[in-house]
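Trainee: So for the first sequence, numbering that gives the first Met the number 0 puts the first residue at 0; every next one is plus one.
These are computed hints drawn from the structure, not numbers from a lab. Some clues are possibly wrong.
[Stated by the list, open to error] 27 Å max Cα-Cα, derived DSSO-like pairs, lysine-lysine:
1. Lys1 to Lys238
2. Lys194 to Lys234
3. Lys224 to Lys1
4. Lys114 to Lys59
5. Lys194 to Lys224
6. Lys238 to Lys208
7. Lys234 to Lys208
8. Lys194 to Lys1
9. Lys234 to Lys1
10. Lys238 to Lys194
11. Lys194 to Lys208
Remember, predicted model here, so these are calculated numbers, not experimental data.
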Amino acid sequence: MKLATWNVNSLAVRLPQVLAWLESNPVDALVLQETKLTDDKFPQADFAAAGWQAQWHGQKTYNGVALISRTEAADVVRNIPGFGDEQARVIAGTVAGVRVIGGYFPNGQAPDSDKFVYKMRWQDALHDWVREELSRHPQLALMGDFNVAPEDRDVYDPVAWAGQIHCTPEERAQFQRLLALGLTDAFRLFEQPVKSWSWWDYRNLAFRKNQGLRIDHILVSEALKPRVAACSIDKLPRKNERPSDHAPVVVELTPA
DNA sequence: ATGTCACCTGGTAGGTGA
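Please construct the entire structure, taking both the sequences and the accompanying hints into account.
Mentor: Okay, structure coming up:
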């Protein structure tokens, strides 16, 4: 069984790439971020024609998430229950016995901005809700674009990025609070190449120079952790002619 | 090199967010 996450930076632009990637990578579930589509524009028929189920939660212009799966997701939740939010950032569902939560964490813009305050509030709410979800669904994967580089080894230039957005102590503390719920960063369960990133800025020839951050993550619960067989970042789609700025992250699970 | 991309409004450019 395989699960994956990918920030596609506009599903309208990237739909052909997503369908092609799914054909080469037939995962059981894929969560998407930054679909940037209102719900009426979601390309459900295109996924269905390719043999995929889809659940989605979108809005105009910004954000937007989706859960693509081979079998239909059960108990689907959109956004964090009880947390009033205009922004479409969460979709969750149970696929093949695993609770899959896909999140597009707020960017935060800058540590002294209102958007950073929102990022912290959003993460507080997410934390408390994930704790409840874990009690209901021991086998759980929280994955998505976290917009946080958890450690300096997740940053191409940690000195330049020190204290900058994605690297502040507050964001890293929030990441640790999620781990303290009993979640594990699946990527770090394995030896990985140094300078492993999931995002490269479109500017500055960052991908060519491999200047990136690892901000897309798959966190697994204690009950799911023994099943994790592999976890990797697929850089291939970032080499496309018109790529997303993010690469997919994939986790492989042994059968339950 | 702040060297890009995607979206919007409202127009053939400028602003916003990432």
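Trainee: Run every hint past the structure and note whether it holds.
Mentor: Okay, the hints, checked on the actual structure:
no., hint, verdict
1, Lys1 to Lys238, "holds (22 Å)"
2, Lys194 to Lys234, "holds (12 Å)"
3, Lys224 to Lys1, "holds (13 Å)"
4, Lys114 to Lys59, "holds (18 Å)"
5, Lys194 to Lys224, "holds (24 Å)"
6, Lys238 to Lys208, "holds (13 Å)"
7, Lys234 to Lys208, "holds (14 Å)"
8, Lys194 to Lys1, "holds (24 Å)"
9, Lys234 to Lys1, "holds (17 Å)"
10, Lys238 to Lys194, "holds (17 Å)"
11, Lys194 to Lys208, "holds (11 Å)"
In summary, this structure violates none of the numbered hints.
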